[in-house]
Structure formats: structure tokens, C-alpha cells
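Peer 1: Which chain is which? The protein sequence lines are A and B, in order. Residues in the first sequence are numbered consecutively from 1, following my numbering. Residues in the second sequence are numbered consecutively from 1001, following my numbering.
Please keep in mind that the hints were generated in silico from the structure rather than gathered at the bench. Don't take each hint at face value.
To be verified - Here are the simulated SDA-like pairs of lysine to any residue, each with C-alpha atoms no more than 20 Å apart in a straight line: (1) B:Lys1050 to A:Leu181; (2) A:Lys109 to A:Leu181; (3) B:Lys1065 to A:Phe353; (4) B:Lys1050 to A:Phe353.
So the chains spell out like this:
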Amino acid sequence: MHSSRKNLRRRCARLRTAKCRVHILLLFCLTPALLFAQTYDSAAPVPILTGNAGFFTNVQAGTPQIVSEVNPVVLLPLGERWLIESRGAFEGDFQPKDGNGPFGGSVAKELDYLQADFIANPYVTVTVGRFLTPFGIYNERLYPIWIRCLQPEPLILPLEEGSSNGAMLRGGFPLNPAVNLNYAAYFSTLTTTNGIDSDRDVGGRIGFFLPGPRIEAGVSWQKSLQDERTNAFGFHFAWQPTAVPVNLRSEYARSYAGSGYWVEAAYRLSQVNFWRHAMRRTEIVGRAQQLFLGQASEDEDSEYDLPSANTRQADFGVNYFLRDGLKATASYGRQFSSAGDFNLWTVGIAYRFAVPLGRAQ
Amino acid sequence: MRFKILTWIWILATAATLGAAADPPRTNSAATTAIRSDAQADAMRIEGEKRFRANCGRCHAAPHKFPPRMMATIVRHMRVRATITDEDMRLVLFYMTQ
């Protein structure tokens, strides 16, 4: 009897201590958050759910493929200097089974990035977590389906590592009124977990942007710190002339697995004098590209999702912007390689959504 | 001992928060209050549109304007993603929220 009372008293004491700890923890967590909340003004940023969704039908070498894709992006601003951002990728690829049967396939799921950004000052932003590897411009900026002008990805994209897990410093600032400099430097750790995998490497990118003539050029570099400890480098160039609504973009990449380039031109028909309403919403696109395989084995080529032989490809496409964030797209491409030439048709629709997760006004 | 450590962390976190709040980076609200006249606002709007077309047009077509608080988040995201400069970010934000 005496011992059971003692136990009860001990339990009560433990409960009181636990309660006290919970209160301290709450105080610890909430005080800074409340102070941040007090600094908000009417234009304080609000969390957003954005991203894109698309539905495409591809016919590659006579084989139809249905692709449905959703890429939700969550943006969570904290205070004046922080941003937590994340993008997931859910892509379903469905093909006829045995070449002629009902469509079947799988849905691939991946975390493209989940990063915390701290805007330290006007020159430096510190990023930690999983982020898009800053190599070239396509992977970081042109990859989303509502942004890219042609839905088929460039052949050299597998040479540019998709995502890295680690830390990065980046920023952009004017060198003088005519030139802006932007840079990114990062290191990444080896992660083998499916869906969030990354290699162990270091790298960086430096670019110059001339706001007057709207010319951008830059160079990227990456050093692998595992396996063969290889180097990769690349160049990018972009130009949007002010006189005509043309977008010219190009990338070159060279790595252990291969080398290649793509050159793309997109022309918005807003200056055409007939059917103005429709022409203003129409964009025509052309792209030429070439890939030369490197020293990687056939298994590695397959792992990187590279073609099995040196390849050339030409694509032509048209985009029609139905409304803000919604576009219909179609393209035709022809691929030439010693493994066989074939046509690549794509037709589909891409939509960008953005929803505030709080009061937006 | 643990309580002491927690208390010190809490004090430091609160002090850091107060420090950050007292010295915020230049934001849209700061830019707005700095405008003394309509002429200045017009000049900022024109410059903001120019910066918008130069920076945002590098990757995508011009979107419709979003509500101010959404725009503040989007511009912060684009500052990191597209490494646009601090000044460009402020001017684009001003243009997109007017």
C-alpha cells in the first residue's frame, strides 16, 4: 500500500516535470515566431502552393505513350530573410503492353528540391537541403513544363545532374549599370535513398547578364568526389533581342559520359499583322541538338538515360497560350543515329497554378 | 543544467529575432514609403517594368499580376531561383504590386 502511494507520487511529479518542459518548449518555439508575426506588414509574403500539371501524348518511333505529370511547389516564407521551398515530381508514363495491348505503366515519384534559403545580404543567399544542381540554365530555370518551349528534353540534360543534397551559396549583383554578375557554388553529399539520391561532388556556375541588350552568358563546372573523380563543364548563352519577340537559348555540356549542345529559338508571333488575336498567343519554336557519347559503358549510358549511340535531333514546335499559365503545345522531331532514325511527335497541354495558403491581399 | 541551456538558447533566439526585425532588408513597404511623389512612383514603375521584361522574360512569358502578398513570395522565390539582383527584385515587386 505504502509503495503504491509512493509510485503514484513519483508519477505525479514526473507528469508535472513533463508539463513544465512542454511549456518551456512552447515558449521557446513560439516567442520568435510571434515576434516575426509582429514585424509583418500588409505586403508580407504569404505561403503559396504553386506548380504545374500537364498531359501529353507522345509517339516515338511509332509507339504511343501517354504522360501525365504534376509538379507541386510549396513556398513558405519566414520573416524577412527566409524561404523554405520544395518541389515534388509525380510522373505517370503509360504505354501499350506488348506493343499492342491496353496501356499500362508506372508513376514515378521524386523530390526535386526541399531547401531552406537564407538571404544573408544583397550579395549572398545561403541554401541548405536538397536543391536543383546549378549547372547550365535548363535544369534550374527552363525545366518546368509550363516554361519549356519544347516538351522533349534536350539530349544533354542527363549530363547535368538533376538534384544535389548539401549546401550552396548563390547570388546576383550589378558589377556596373551595364552588367550583372550571378554565381552559385555548392557541395553535395552522396545519398543513395531512392527518390532523393545525389552524388558527392562540388561545383559552381558563374554568369554575366547584360540587361540592355538582354544577353546572358555563363560557365558551369562540376567535380565528382567519388568513383572516377571526373570533371564536367558547360557553357550557356541566351539572348532576347528587344526589337523582336525572339528567345534564343543554347547550352553546351561535356562530362565523362559524353558531350553535346542544343540551340533553340522561339518566336512569338505578336508582330504578325493578320489574325492578331490568335497570333499574339502563338509561339513557334525550333531546336537543333547533338550528343556525342563519352567513356561511359553501355550500362552507365542506360543508367544516365542517354541514347546508345551518337545522336542528332531536330525539333519544331508550336505553343498556343490559351490564358495566363495555360498553354497547348505540339511538336515534331526527327532523331538521327546509327541505332536507327525515328520520328517523335508530341501534343499536350500544360497548366501552371498558384494558390495562396493564407490571406493574399 | 538543461533548463539553463534552454533558457540561454531562448534568450539568444529572441535577441536574434529582435535584431533581424530591427534591421530588415529593404522591402516593398520600405520602397513604397520612400516614394515622395507621383513622378517618382511613375519612374519606378517604368523601371520596374523594364527590369521585369529583362529578368523574368529570360525564361517565361509575362504572367498576370498576383495579389501583393503572393507577389512578395514569388519574387523572393525568383530571386533565389534566377539569381536576380536585390535592386531588380525590389523594382519588379513594386511594378507587379501597383
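Peer 1: All hints, please: hold or fail.
Peer 2: Against the structure, the hints:
Distance check on the hinted pair: Lys1050 of chain B and Leu181 of chain A sit about 18 Å apart at the alpha-carbon level, within 20 Å; holds. Taking the CA atoms of Lys109 of chain A and Leu181 of chain A, the gap is about 35 Å. The hint is violated against a cut of 20 Å. Pair hint Lys1065 of chain B plus Phe353 of chain A holds up; C-alpha atoms about 13 Å apart against a cutoff of 20 Å. For the hint linking Lys1050 of chain B to Phe353 of chain A, the alpha-carbon distance of about 25 Å lies beyond 20 Å, and the restraint is violated.
In this structure, the earlier hints numbered 2, 4 are contradicted, and the remaining ones agree with it.
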